[in-house]
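Trainee: Protein sequences, first through last, are from chains D and Y.
The first sequence begins at 1 in my numbering and counts up one residue at a time.
The second sequence begins at 1 in my numbering and counts up one residue at a time.
Calculated directly from the structure, the hints in this document are not laboratory data.
A hint or two may mislead.
As the list claims (entries may be wrong) - Derived pair list, reagent style DSSO-like, types lysine-lysine, alpha-carbon separation capped at 30 angstroms: (1) K6/Y - K134/D; (2) K230/Y - K6/Y; (3) K244/D - K179/D; (4) K319/D - K39/D; (5) K134/D - K148/D; (6) K319/D - K227/D; (7) K230/Y - K228/D; (8) K6/Y - K124/D; (9) K290/D - K228/D; (10) K230/Y - K221/D; (11) K221/D - K124/D; (12) K319/D - K290/D; (13) K123/D - K230/Y; (14) K228/D - K6/Y; (15) K244/D - K228/D; (16) K134/D - K179/D; (17) K6/Y - K28/D; (18) K179/D - K124/D; (19) K134/D - K124/D; (20) K219/D - K230/Y.
Computed from a predicted structure; not experimentally measured.
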Amino acid sequence: MDKEQNARVDGAEYMIEVDGLVKRYGQKYAVDDISFRVKRGEVVGFLGPNGAGKSTTINVITGFLSSTAGTVRVDGHDVLEEPTAAKRLIGYLPEQPPLYVDMTVDEYLNFAYELKGCEYNRKKHLDEVCSVTKIADVRGRLIKNLSKGYRQRVGIAQALVGNPPLIILDEPTVGLDPKQIIEVRSLIRALGENHTVLLSTHILSEVQTVCDRIVIINKGKIIADEKKEDIVRVAEDGRAYTAKICGPSREVTAMLRSRSGVRRVERTAERDGDAHVYVIESDPGVDIRKTLFFALAQNNWPLVGLEPVGENLEDVFIKLVDRSDVKKQGRERRRPVIDNSDIERKGE
Amino acid sequence: MGAIYKKEMRAYFTTPVGYIFVGALLLLTAVAFSLTTLWQQSWNTMQYFTLTLFVFIVLVPVLTMKSFSEERRTRTEQMLLTSPVSLWSMVMAKYFAAMTMMAGVILLTGLYYLPLYQYAEPETAILIGDMIALLLAGSAFVALGIFISSLTENQMVSCVITIIIILLFLVATFANSYINSPVIRTMLGWISVFARFGNFTNGIFDFAAVLYYLSITAVGIFLTVRVYEKRRWG
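Only chain D is shown next, with the shape it has when bound in the complex (with noise of 0.2 angstroms):
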């Protein structure tokens, strides 16, 4: 007995589990059969272009609405049937932070520490929580006078007070200056080290710089669930290159076309001392790096660089959303109106 209580207590292996979320309004779906996990002590980012879904979701989870379809667990507690007990351990930071703007910061604690319940030493708990967030300096002054950076802030802290082990937050950086951004960005990243941590946004560099996994999501589904390192490559066919090879361009480019795994070379314009940069592609799965490497030795051609292209995650992430959004207007008009190639040709 004492040992199933004590396997609930260290809970489940996961911290969140959706499993096939369906969120309608009306005739609109908002959310379409999506599933996803968050492991304990995760960090990750939830993507997506705006009204793609992400704050629906993640109403869902923290019990803020209830799903038309399929289940959402926290730490093991179902939102609908055990919506406390799941509540309880969610510390939440909506997209507009719940802010009591006529209390002083203080205040504001209080209220959220007593509203969780929570039985800690109040006084050192909450000054903890205020030394994370840095605001002790503004403990007594109206919230309505904080500027955003610092409501912004009070509103992280009030998700933190009651030390939930599950922190969500909804676009906390929208708003601020790129000196607030950095900052909420370096406390999200602080908090990922003993908390589980589910970030939304829609600003790439935001995942890229705090989380371990990234889950997109387009018009309500899932189009991508990966690590940061893995997702380049769901967007990739092939793999590209940019190498620096000194030597005559024209026989380097001919001999690289003929080896095996290489798809596609091209010389570009752009010259580096005497190397000439060209832009070369890779089969799907194939590692050409080496081959590259002794190819070029065996020659006496140089290597000065080589660097992958398209790592950026911005490009990765447009270039998802645009296929699933090709994907379904194919889907969803028999007679296309516009040839989607051609959409395809200029997004390029």
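Keeping the supplied structure of chain D fixed, place chain Y upon it in accordance with the hints.
Mentor: Okay, now just chain Y, sitting in the frame of chain D:
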């Protein structure tokens, strides 16, 4: 629930709402009391209580118009709804906070009666009964006001609709005497607040009326909870 109750009470006194409610209610009832009793040299408080009900028309909405409208407009309701507090506790906390204000002011108006004892012998039981009746009618109006405020994020809309609805409850009695159809008369009688109030002002403790006011209160609170449940499922 305690946390939300405390927050509500603090909000009443850190914003003008609480002061306006207490101040205006005391002022208007004091004027009504003076005009109907002291100036008339009478200790009959019947008119006074009737007038006080009319004062409620304007002042109960002041108390309740913000209740949920403001939370909805500023999205702070998300904090309440995602906290480990049930919908019932949330609504009850708001109701109790408003009722604390209500009960406090009604108790204060008890001071008005003191001068009466100087030159007459008013029946204390009637006065206490009347205060209880005011509290019960106030409770019904507060519950309705909270319900209306959960329907809109605009405080003004919430206020005006609450006034209209309370007015309908009050006016139902007067309309009664102009209507011939017995069916409609009976129905109007059901919702009429004055008809129930009458017995109290005559010094009769009317349990049916108590039940009536408590039922309206319960319906108001229940509907508010339903509004939130429905929005969650919407």
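Trainee: A separate judgement is required for each hint: does it hold in the structure or not?
Mentor: Here is what the structure says about each hint:
1. K6/Y - K134/D: This hinted pair holds, its Cα atoms lying about 27 angstroms apart.
2. K230/Y - K6/Y: Given pair K230/Y, K6/Y holds - Cα atoms ~27 angstroms apart, limit 30 angstroms.
3. K244/D - K179/D: Violated, at about 37 angstroms.
4. K319/D - K39/D: 27 angstroms, holds
5. K134/D - K148/D: 14 angstroms, holds
6. K319/D - K227/D: With Cα atoms ~17 angstroms apart, K319/D and K227/D stay inside 30 angstroms; holds.
7. K230/Y - K228/D: 39 angstroms, violated
8. K6/Y - K124/D: Within the cut-off at roughly 22 angstroms; holds.
9. K290/D - K228/D: Measuring from Cα to Cα gives roughly 24 angstroms; hence the hint holds.
10. K230/Y - K221/D: Judged against 30 angstroms, a Cα distance of about 25 angstroms means the pair holds.
11. K221/D - K124/D: Not satisfied, since the Cα-Cα distance of roughly 43 angstroms exceeds 30 angstroms.
12. K319/D - K290/D: 28 angstroms, holds
13. K123/D - K230/Y: 38 angstroms, violated
14. K228/D - K6/Y: 45 angstroms, violated
15. K244/D - K228/D: 27 angstroms, holds
16. K134/D - K179/D: It holds: about 14 angstroms lies between the C-alpha atoms, which stays within 30 angstroms.
17. K6/Y - K28/D: 40 angstroms, violated
18. K179/D - K124/D: Given that 30 angstroms is the threshold and the Cα spacing comes to 29 angstroms, the pair holds.
19. K134/D - K124/D: Between K134/D and K124/D the Cα gap is close to 15 angstroms, so the pair holds against 30 angstroms.
20. K219/D - K230/Y: 25 angstroms, holds
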